[in-house]
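Each chain, written out:
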Amino acid sequence: MDKMPKWADVVLIPLISLILAAILSALVILGIGEDPVAAVNMMVSGALGSTYGWGYTLYYATNFMFTGLAVAVAFHARLFNIGGEGQAMLGGLGVALVCLYVPWPHWTIALLAACAASMLFGAIWAAIPAYLQARRGSHIVITTIMFNFIAAAFLNYMLVNVMRPVGSMDPATARFNESVHLPTLHELLAPIGINFSKAAPANVSLLVAVLACVVVWALIWRTRLGYEIRAYGHSETGALYAGISPYKITMIAMLISGALAGLMAINNVMGEAERLVLNSTEGAGFIGIAVALMGRSHPFGVFLAAILFGFLYQGGAELALWTNIPRELIVVIQALVILFTGALDNMVRMPLEKIFLALRKGNA
Amino acid sequence: MDFLTIIQVLDSTVRLATPLLLACLAGLFSERAGIFDIGLEGKMLMSAFFSAAVAAVTGSVWLGLLAGIAASLVLAGLHGLASITFRGNQLISGVAINFLAAGMTVLIAQDWFQQGGRTPSLIGGGRFGPIDWPLSETLAGVPVVGPVYSELLSGHSILVYIAFLAVPATWWVLFRTRFGLRLRAVGENPAAVDTAGVSVVGLRYAAVMICGVLCGIAGAYLATALQAGFVKDMTAGRGFIALAALIFAKWRPWHAMWACLLFGLLQAIALRFQNIDLGGVVIPVQVMDALPYVLTVVILAGFVGKAIPPRAGGEPYVKER
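So the sequence lines, in the order shown, correspond to chains A and B.
With the numbering used here, you'll find the first sequence wraps up at 364, consecutive numbering, no jumps.
With the numbering used here, you'll find the second sequence wraps up at 321, consecutive numbering, no jumps.
The hints are simulated quantities; they were obtained by calculation from the structure and are not laboratory data.
All residues carry an ideal CB built from backbone N, CA and C; glycine is no exception.
Mixed in with the good hints, there may be bad ones.
Straight-line C-alpha distance at most 27 angstroms; calculated DSS-like pairs for lysine-lysine [as the list claims (entries may be wrong)]: (1) B/LYS319 x A/LYS354; (2) A/LYS6 x A/LYS361; (3) A/LYS354 x A/LYS6; (4) A/LYS361 x B/LYS319.
Facing chain A, a subset of chain B residues (Cβ under 7 angstroms, in silico) [said to hold, decoys possible]: (5) ALA82; (6) ILE92; (7) ALA102; (8) GLY103; (9) MET104; (10) LEU107; (11) ALA169; (12) TRP171; (13) TRP172; (14) GLY280; (15) VAL297; (16) ALA301.
Which chain B residues stay away from chain A? Per the calculated CB distances, all over 12 angstroms, these [claimed, not checked]: (17) VAL9; (18) LEU10; (19) SER121; (20) PRO130; (21) GLU137; (22) LEU139; (23) VAL148; (24) ARG182; (25) GLY202; (26) ALA290; (27) ILE308.
Please put together the full structure from these sequences, using the hints given.
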């Protein structure tokens, strides 16, 4: 019998962890001589107070949904994929190649091709660490970290030496063709009479991200493969006994994970920048770790956590614009969320389990 | 390439290898005791900031060094709390510590100095100066031996010599003392250590704290000796290169020194020559940037001798009841 009811595990623990992280963040804001209440007000009005704010919040959230799902799928197979950043960078390269060198007649076809290319590139970048883990026993955390740095150097090389247009000083590709422009939320919502901010970068990729959440949910909880991934994650020996190949599951889980991280590029490269620039991922691959931990590796949880982090990101940008609080506050909050929901999970869990045990004895 | 250029590149290799070496030995203590630490980067960064900040305010680099070590120890304690006391995931804890340091340093720097997340430039007593060995001026003119003595060996800051002396010290502690034997045992088979009546928790905390001290020195070296002040994200992945060197060295002190010197050499070459022209074939600078990581993956893959980590690494120890 479980020590705690399921709702406590799914809702209460993340909530308490989040409150702890929020309290500490407030203390940090107090510590640098600013008012936490005013800061929260400004974040809410800046991120959610206008369609412009929402447009940015949802744009960031789209990135985090992809990277959060990527980390979550790997977590289900008890694999820790820190390489989302590198996989998303490579995904960007795939999108750039597809968008630059093929004359697409319409954005819908271009989007499908870009999805395929970004997933392929992301998956390839995850495949090598996955193979080394499955066949050679090299620790996947270390290899994916190394692959992040290798990806950064590789992309730097590609942008500076290969893909930079002649005569340009900027280490970036040329701007994509107008025909691959993805419709923004403004363009999507205008026909049905909703006036959404023109300047905000949220685009049709958001729908792809939501679709990805649904597909991942179905994959993990409604298919045989998902069952095998979860079984392997719970117990490797158990899975082996049930005839599940650890090699196959490690490879497949990591390929899916890499593909999801790579898919992020349709949002930031194709949807927003419309060209590939250096450091286009802006750390979204790492935020995926926080998002997956907070969302308890469940696609719906990832969806909510991604929106929360999108809000934090946009709100933090507003704070940096109008107050003396630097943007790095978001990095601190992100660290605290990872710390409390990931590393210090037991600090919240152990006392709660005691409380629930005591309550149960009292009732019996 | 003439002789003097080679000496200069080697000289800068020593300077660049020092923070890697200190961080690598830090990781060595921690991982030998079974605590994975991917938070080396964060601890170095935190120490770099606090050492530079305190040195800038007080004008004393030694106080700065102490402050840097203290800051690194706080993060090490946090890592210990998460991974030893609460038996959390050591890797996730390391990731959190890296982000915590990246964010907090800029936040506090902005609050204290209002210079866009950096400290004022350190001058005079706020920095570790070079230590000139006796007769280095006189011997500089002697061919071959002269430049090696006066450029390569002499004229580094005290932390460089501490880092290289830490290598035999680490070897001696780990392989010639009772503490070292127990520390290695706790990373291989904590249950056996526990059965022998030695505290697993105590040993692991000790290892994590030693790791904190060494990372603190590494960070202080970056901000107060290699450069003159703290700038945002100044560790620039050195913690991960140190981690790579640790694996490359297969968790052994002397090998760690050679691995760090190799990676330092790669950095020195990348700094001095942008693109290297080898008789028609141009090696772009990015290859030098990526090489430490590629080499580590190759070593990890077991194609060039297998890298076997301490057996109980990453596993929290649960005492049987």
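Earlier hints that do not hold, by number: 11, 12, 13, 14, 26 and 27
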